[in-house]
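Colleague: Work the whole structure out from these sequences, hints included.
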Amino acid sequence: MKEAEAHLTMSPKLDSEDLDPEVVNRMIILGPRANVSESELTSELHLLGLPLTIKETCYGAMVSGKKEDVKKAIIEIRKLDPYNIFTKDRGFAPGDPRRCRGHRLGPREGFHQLEREYELLDYVGEALKNPRPVEIVKPKPIDVDEFKSIVNESIKKEKK
Amino acid sequence: MVKVAIYPPNSLVLADLIERKGHTALALQKEMRKKIKDPEIDSPPMNITEEDPIKGLQYAAIEVPSGVRGRMAIIGPLIDEAEAAILVDGAPYGFGCVGCQRTNELSIFCLRKKDIPQLELEYPSSREGAMDMVNQVNEFLDSLDNPEALKEKSKQIESSGNQDISTEDNLEEEPLESSKTQNNNEETPSEEHMKTEEERKVSKDDLVASLKSKGGY
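Note that the protein sequences, when read in sequence, are chains S and W. Those letters in the first sequence? Residues 1 to 160, by this note's numbering. Those letters in the second sequence? Residues 161 to 377, by this note's numbering.
There may be inaccurate statements among the hints.
As the list claims (entries may be wrong) - In the DSS-like style, the derived pairs of lysine-lysine whose C-alpha atoms are separated by at most 25 Å in a straight line are:
1. W:Lys273 / S:Lys138
2. S:Lys66 / W:Lys190
3. S:Lys72 / W:Lys197
4. W:Lys215 / W:Lys195
5. W:Lys197 / S:Lys71
6. S:Lys66 / W:Lys194
7. W:Lys181 / S:Lys138
8. S:Lys71 / W:Lys163
9. W:Lys195 / S:Lys66
10. S:Lys55 / W:Lys195
11. S:Lys71 / W:Lys195
What the hints assert, rightly or not - So these bits of chain W aren't anywhere near chain S, every CB distance computed over 10 Å:
12. Ile208
13. Lys215
14. Gly230
15. Cys260
16. Arg272
17. Asp275
18. Ile276
Claimed, not checked - Pair by pair, the computed Cβ-Cβ distance ranges are:
19. W:Met161 / S:Thr53: 21 to 31 Å
20. W:Met161 / S:Asp20: 17 to 27 Å
21. S:Cys58 / W:Glu288: 27 to 37 Å
22. S:Arg132 / W:Glu200: 47 to 57 Å
23. S:Thr53 / W:Lys194: 13 to 23 Å
24. S:His112 / W:Glu211: 21 to 31 Å
25. W:Asp249 / S:Gly49: 37 to 47 Å
26. W:Gly259 / S:Glu153: 37 to 47 Å
27. S:Glu153 / W:Glu282: 20 to 30 Å
28. S:Lys79 / W:Ile214: 41 to 51 Å
29. W:Asp305 / S:Glu158: 48 to 58 Å
30. S:Asn152 / W:Glu211: 50 to 60 Å
31. W:Lys274 / S:Asp20: 25 to 35 Å
32. S:Asn152 / W:Gly259: 37 to 47 Å
Bear in mind the hints are in silico, worked out from the structure with no lab data behind them. Beta carbons are placed, not taken as given, at the ideal position from N, Cα and C, and that holds for glycine.
Modeller: What follows is the structure, given as structure tokens:
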């Protein structure tokens, strides 16, 4: 218990990588219908031979490294299953004691939204695979005269 | 490539769809990353610097709680940078990372107020809804590559609401007409602006006189 509390410290020891402005972190999330598993994803990332920090997680993987390397890795890894591999930026580095679930007494911040959005990923993948033409219609404000007539009607109804 | 603001600002689905189309998603995590790299801040976002609520003053008044202003110090620059916006409304509890409804309302207001292409969607509750949402987002992102096409489309939709759809011959003449209407539109606000206090008083007097004549004053 004390150890866990100690990790929630206000001044964790940061790596040089954590303070490098060129380093970015990226979460790679597998959709429910993905053809690859988390371990396959991680091994594929390792096989790319890029200078990245790679962490296998319950939702997929997390990569950290120079912006260009991360971009290359994501382009390559998306080829495995383009419609079911999703990516998202992450502020904190993998294993950062301030956010890592391993050091916290419960789920980390951001997990709950990920959980919610995971429910949609199946449909998102399906929609990406079978695109449909749609028309975007901007909602318009109602006409003043029409609004007046509606108000008058509702007043009449109330009086009755 | 267009910088697209998203709401909720850390949405996975929206950020992913935007990046698939080659645009840049203005996600909150990138701003947080900047804070994390700052060695002076021990535990972001629990600690904010003295400067943050001051930066937030650009977006909210002094009497607004410092929590809102502190949050706006991070979200505000993203709104300023935005060239387009996608807003998802009606999300379930626990969706979104801001943790403050007033900040949500203020940031959505700031985005709506900006003169940029916007897409507002409802959080989907069914398979059909989710598929519609994805297709609409993709359609919107495609239209960002051709902003003129988007303007023409919106003009056509607006005109179809008021008038009959113009024929091909009329379409050729449209630019001239539209430029004329634009000029008129430009003139009208300037006329309004020209109204002096005296003129306003005069119009007030007219109003009083007309009310008196009706016996209502």
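Colleague: Now look at each hint and say whether the structure bears it out.
Modeller: Hints and how they fare:
1. Between lysine 273 (chain W) and lysine 138 (chain S), the direct Cα distance comes to roughly 15 Å. Compliance with the 25 Å bound is thereby established for this hinted pair.
2. Restraint check for lysine 66 (chain S) and lysine 190 (chain W): satisfied, since their Cα atoms lie roughly 14 Å apart, inside the 25 Å limit.
3. Straight-line distance between C-alpha atoms of lysine 72 (chain S) and lysine 197 (chain W) comes to about 23 Å, which keeps the hinted pair within the 25 Å bound.
4. For the suggested pair lysine 215 (chain W) and lysine 195 (chain W), the alpha carbons sit about 14 Å apart, so the restraint of at most 25 Å is met.
5. At most 25 Å may separate the alpha-carbon atoms for a hinted pair to count; lysine 197 (chain W) and lysine 71 (chain S) meet this at roughly 20 Å.
6. For the hint pairing lysine 66 (chain S) with lysine 194 (chain W), the CA-to-CA distance comes to about 15 Å; that is within 25 Å, so the pair holds.
7. For the given pair, lysine 181 (chain W) sits about 22 Å from lysine 138 (chain S) by alpha-carbon distance, which is consistent with the 25 Å threshold.
8. The straight-line distance between the Cα atoms of lysine 71 (chain S) and lysine 163 (chain W) is roughly 17 Å, inside the 25 Å bound, and the hint therefore holds.
9. Of the pairs offered as hints, the one joining lysine 195 (chain W) and lysine 66 (chain S) holds, with about 18 Å between alpha carbons and a cut-off of 25 Å not exceeded.
10. For a cut-off of 25 Å, the pair hint linking lysine 55 (chain S) to lysine 195 (chain W) stands: about 23 Å separates their Cα positions.
11. Straight-line distance between C-alpha atoms of lysine 71 (chain S) and lysine 195 (chain W) comes to about 22 Å, which keeps the hinted pair within the 25 Å bound.
12. Look at isoleucine 208 (chain W): its CB is around 13 Å from the nearest CB on chain S, clear of 10 Å, so calling it non-interface holds up.
13. In this structure lysine 215 (chain W) is separated from chain S by more than 10 Å, as the shortest Cβ-Cβ distance comes to about 18 Å.
14. At roughly 16 Å from the closest C-beta of chain S, the C-beta of glycine 230 (chain W) stays outside 10 Å, upholding its exclusion from the interface.
15. Every CB of chain S is more than 10 Å from the CB of cysteine 260 (chain W) (nearest about 14 Å), matching its label as outside the interface.
16. With a closest Cβ-Cβ approach of about 12 Å to chain S, arginine 272 (chain W) is found to remain outside the 10 Å limit, as its non-interface label requires.
17. For aspartate 275 (chain W), the condition that its CB be more than 10 Å from all CB atoms of chain S holds, with the nearest at approximately 14 Å.
18. Its beta-carbon lying about 14 Å from the closest one in chain S, isoleucine 276 (chain W) satisfies the requirement of being farther than 10 Å from that chain.
19. A C-beta distance of roughly 28 Å is found between methionine 161 (chain W) and threonine 53 (chain S), which places it inside the suggested range of 21 to 31 Å.
20. Between methionine 161 (chain W) and aspartate 20 (chain S), the C-beta spacing of about 25 Å keeps the proposed range 17 to 27 Å intact.
21. One distance hint, 27 to 37 Å for the beta-carbon pair cysteine 58 (chain S) and glutamate 288 (chain W), holds here, with the actual separation near 29 Å.
22. Judged by the Cβ atoms, the range 47 to 57 Å given for arginine 132 (chain S) and glutamate 200 (chain W) holds: they are separated by roughly 50 Å.
23. Taking 13 to 23 Å as the suggested C-beta distance range, the pair threonine 53 (chain S) and lysine 194 (chain W) conforms, at roughly 20 Å.
24. A hinted range of 21 to 31 Å for the beta carbons of histidine 112 (chain S) and glutamate 211 (chain W) is consistent with their spacing of about 30 Å.
25. For aspartate 249 (chain W) and glycine 49 (chain S), the Cβ-Cβ distance of about 44 Å falls inside the hinted range of 37 to 47 Å, so the restraint holds.
26. At roughly 42 Å, the beta carbons of glycine 259 (chain W) and glutamate 153 (chain S) sit within the given window of 37 to 47 Å.
27. For glutamate 153 (chain S) paired with glutamate 282 (chain W), a C-beta distance near 28 Å keeps the hint of 20 to 30 Å intact.
28. In this structure the supplied range 41 to 51 Å holds for lysine 79 (chain S) paired with isoleucine 214 (chain W), their Cβ-Cβ distance being about 47 Å.
29. The hint said 48 to 58 Å for the Cβ distance between aspartate 305 (chain W) and glutamate 158 (chain S), and at roughly 51 Å that hint holds.
30. Distance hint for asparagine 152 (chain S) and glutamate 211 (chain W): a CB-CB separation of about 54 Å, consistent with the stated range 50 to 60 Å.
31. Between lysine 274 (chain W) and aspartate 20 (chain S) the beta carbon distance is about 33 Å. The supplied range of 25 to 35 Å therefore holds.
32. Distance hint check: the CB atoms of asparagine 152 (chain S) and glycine 259 (chain W) are about 44 Å apart, consistent with the given range 37 to 47 Å.
Every hint from the earlier list agrees with this structure, and none is contradicted.
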